[in-house]
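K.L.:
Okay, here's what each chain looks like letter by letter:
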Amino acid sequence: MRNILIYSDNTDYACELLTAAHTIAGEIGYGVTALTINNDDQAEKLALRCGTIYRIRDEAILMADAAAVALVISEVAKKKNAPVVLLSSNRRGKEISGRLAHLTHGGCLTDVSGMTIDNGRLCCRRNTLGGATVVTQAIESDHKVIAVVPKVYDTMEEGEKGAITDIAVEAELSVIKVVEVMPKVKDSVDIEAAEVLVVVGQGMGSRDDLPIVEILAGHLKGAVACTKPVATDKRWLSEERIVGLSGRKCKPDLALLLGVSGQVQFVVGIRDAKTIISVNTDENAPIMTMSDYRMVADMKSVVPELVRAIERL
Amino acid sequence: MDFTLSKEQLLIRNTARDFAEKYIEPLVRRIEDENDVPRQIIDRMAELELFGIQFAEEWGGSDGGYDGYVLAMEQIARVSSGVSMILSVNGLGLGAICTYGTKEQKEKYMEPGLTGELLASFAFTEPGTGSDPRQITTMAIREGDSYVINGTKRFISNANFHGPIVVFARESESDEVTAFIVDKFCAGYSISEAWDKIGLKGNRIVDVYLKNVRIPAENMLGKVGRGFNILLSGIAYGKIGISSTYLGITLRAYEEAVKYAMEKKHRGQSIAKFQAMQLRVGELAIKLEAARWLTYRLGCLANNVKDPMTFAREAALTKSFVCENAVDVTRVAVDIHGSYGVMSDYKVQSLYRDAIIGPQIEGVGDMQKMIVAGTILRE
Amino acid sequence: MNIIVAMKQVPDLHHIRIRNREPVLDDIPMVLGDIDKSALAAAVELKETTQGRVIIMSAGNRKIRDTVKEALAAGGDEAILIEDDDLADEDSSVIAGVLAAAIQRIGDVGIVVFGEGSADNYSGRVFSAVAAILGYPQVGYAKRIELNDSLARVTRSLEDSDEIIEVPLPAVISVVSEIKEPRIPSVKNILKARKKPTAVYHLNELCVEVPAEKNITTISNLAPVSRRKGIVITSVDELAKILKNDRKPDRQAQ
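Residue numbers (numbering that gives the first Met the number 0), protein chains in the order written: chain A, 0 to 312; chain B, 0 to 378; chain C, 0 to 253.
Hints may be right or wrong, so weigh each one.
[Claimed, not checked] No farther apart than 20 Å at their CA atoms in a straight line, the calculated lysine to aspartate or glutamate pairs in the DMTMM-like style are these: (1) B/346 <-> A/297; (2) B/196 <-> B/33; (3) C/142 <-> A/239; (4) C/142 <-> A/297; (5) B/258 <-> B/334; (6) C/195 <-> C/77; (7) C/191 <-> B/7.
[Stated by the list, open to error] Covered stretches of chain A (chain C as the covering partner; in silico rule of three or more C-beta atoms under 8 Å from a C-beta of chain C): (8) 23 to 30; (9) 93 to 105; (10) 136 to 147; (11) 196 to 207; (12) 275 to 288.
The hints are simulated quantities; they were obtained by calculation from the structure and are not laboratory data.
Ideal Cβ placement from N, Cα and C applies to all residues, glycine included.
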C-alpha cells in the first residue's frame, strides 16, 4: 500500500497533519504513517492517533540542519513507500520542504491551507499575491511534498492504537554546527490560541487608549492583537501581536476590530474568524464589507462606553 | 520628442515617493499641527541626497538635473508641501550662490547646504514692497572692508534654520540693489514669530530683522548693482520648485478624489457610477496631466538655459498655470468629497488650503502674466 | 569574496486590483519585494566588512533589466540576469535550477542570500532547492549574519527560539526582514547604477532544461469570497449585547 508520511518537529502540528492526511488518504487509497526524529514524546502522542509510527533515534541527526533532516525523510519515504510527504509550514518545515522535493524529484507546495482530491489529482489551496487571491494548484508529479499551514486543521482526535516501529537510516554528518540556542522571550499572550481577539489598528490614535482596550479584552476573555504598523512603526505592542501576512494567522471565534482599515495583508490573518465585528470611523474602509457587524464610530469613544455597557449587562 | 521617463528618472521618482510615504507621512499630522518640519526628515532627505539633485557633482550635487529635481519634488509635495517648500527655497538660495558666487563662496556654502547642515534663504520682499526693486529700503553701508546692513525682510522661508541668506539691499556707494550673503543668526540677525498662514504648513515664513549686521565685503554676491539680475534669475529658477510643489498638491488631490469616488457609496451604489462624478474625475485627470507636463518641461528647459529672458517667461507661465490650476483641482476634489471634504480628517481640505496660497506667492499671478505678455508685445 | 543576492521581480502588490474575483495584473509595475531588499541591505553591509562584491541575481521576463536597476542603486555591484519571458510561469524547482546554473558560473562564492519568501508568493522554496542543487549547506531565516573567510555565523530566528549556527562557506542563507531595513537608494547612487555591469543570460546559454511536464499546474487563482452578515450596528449597547450573546449560540452549535 502506498502511504502518506507526515513529519513535523512540532508535536501539535504533527497531530494536525494527521487530520490533514486523512482528508485525502481515503479517496486516493493511501495509508497514513508518521515519522518522528529524536522525539519519543511525540512518538507516544502520535501513537494514540495514528496506526503506524516510524521512530528514529539517532543523535547524529542535527535538527538544525534542514539538509540532513530532508535526507532522512526522503530515505524513510522511499523505504516505506510514501510518495506523499506532509510537513508543517512553520520555519523548520518550510526549510526542509524545498530540499526534500529536490531529493524526491517531486512537486512541492508550501503554505498550503487546504487540500482536495479532484479527479484523482491532489489539489492544494494557498494564498498568493500577498493574500489578495487564493490559488488552487495540482501537484502532478508522483512524488509530492506539501507543507501545511499550522492551525488550519484540527488536532487529530485520540482513538487509534498505533504501533511504534524503530527504524534506522544512514545519516550524513552535518557540516553546520549549533553554537547556541536561545529561547525567545515569549509574550505571555498567544494571539493564535485566543478564542476572542480584540485587534487595534491605526485608528487608535494614541498609546493611552491601550489600557482601556486591555480592560475590554479582559471582559471578553480575549487577547489584544494589532495590525503591523501598530507594532512595527508605533511599537505600542510587541511584534508577536501582529495579525496578518507578516504576523500570525488567527481564527478566533470572535474578532473585534477597532480602527482597522482592512488592507489585504491584514485580512489574510483574520478572515478565518467565525464572527468579525468592526468599529471604524470610515464607513468606506475595506474591512466594513468583510464584517458580520459593522459600526461607524470612533473607537476612542466606543471602547470606554462599551466597557461600561458590558459591565452593566 | 519622447515623453517617457528613463529608468533612472523613474527610480528617482519612486525613491522620493518611498521616502515621503515612509518617513514624512507618519509625521504629517505633527507637521500640520506644529507648523514645523522635524529635524529627522531634513537629515533623512540629506542622506538620500535630495537637496542636491539639480546641482553639479563638482559642488557636491548629484547631477540629476532639474528634471530629476522636479520628479522628486512632486512626490515629496504629494505628501507634504511644507517639506517640499523647504527644499525649494534651499535650492533657490544655493542656486543663486552656485550661479553668481565666487569659488570661495561656493566652497563655503554648497556642501553644507546639500547635506542639510545649513539651509539657505532668499530675501527680497520687504514690508513696503513686493516685487519692485526700486522700493527696496534695506541698506548696505560700506565701512572699509565690510558692509553694515540694516533693514527688514518679510515672508522669508528657512530663516529659522542656520545657513546663508541671500539679502538684497541698496549698496551705499552706488545706491543700486545688490545681493549679499549673510550668515543667519549672526550678530544683529533676528526673526519674528512665524506668520500664521492657512496652508503649506511646516514651511515657516517669518520676518527677518537685520540690525547693524556687519559682513565682510567679500560676502557680496555677484557685482555691485547686479542684484536685480540675480533676483530675476533666482525667482525664475525658484518657480521650478514652486511649480513642482503645486504639481504634487494637484497629484494628491486627484488621487484623493479618485479614491473617494471609488469607495464612497450612495444608496448602496458607488458614487463613481454617477455621471456628475465621472465628469469631475475626468476634469481632474486632464488638469493633472496639463500641469505635469508643463512642469516637467520647465525642468528640462532649466537644464540648458540659453536665454534667461526666455526661460523667465517659461517659468512664469508654468508657475502661473500650475498654481491656478491647483486651486481648481483641489476645489473640485473637495466637491467630490461633499461635506467630508472640509473635515480635518480628510487630506483634501489641507490640499485646498495649500492651493489657495499658490497664486499669491513667489510672484503673484498677474505679475506672471505681465512677464509673459512682455515677451510677446515687445515691439 | 562574492556575495550573491537572489532577488525576484514581483508585481507591485499595492497596484493589484480584483475584477470579478480575478486579479488584474496587466500594466502593473514590477518591483523587487521588501524582504529581498532587506536581503540586499544585509549583503551590502557584509560587503563592507569583508571587502566582497555584491552580485545581484535574478530570473524573469524582459522587464527584469529595468527592475534590477533599483538593486544596483541600493548597493549591488553588478547584476547577473537570466532573461526569459516564459520563466515567470515556471515552478520553483525550475527557477532554482536556473539560478543554480548561473551561480556555478561565478567563482569565489561566499554566500548566496535569499529573502525568506518572495513578496507575491511567499513560498520560500527556491532557497533550499538551490542549496540542494549546488550541494551547499543552508541556513534559513537568518536575522543576523557575520562572515569571515571560511565561515558564516548565523542567528536563525525560529518561531520560539533563536539558534546561533556556524556554517562553512560557501553556503546558502535565507533572511527574515528584521535583518536589515531595505535601503532607499540615494539620488547619486541611482544615477551611478546605470554604469554598473549587467550580464544577461538566456536559458539555452545556461544549458538548463525546462521539463516539458510541469510538476505543478495552476487550476484557479481567485480572490476569496467573503460570506459575512454585514449587519449595521448603531449603538454601543447593541454592540455590547452582540459581544455577549453572539458567541454563545455559535459555540454551542459546534
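K.L.:
Failing hints, ascending?
P.N.:
4, 8, 11
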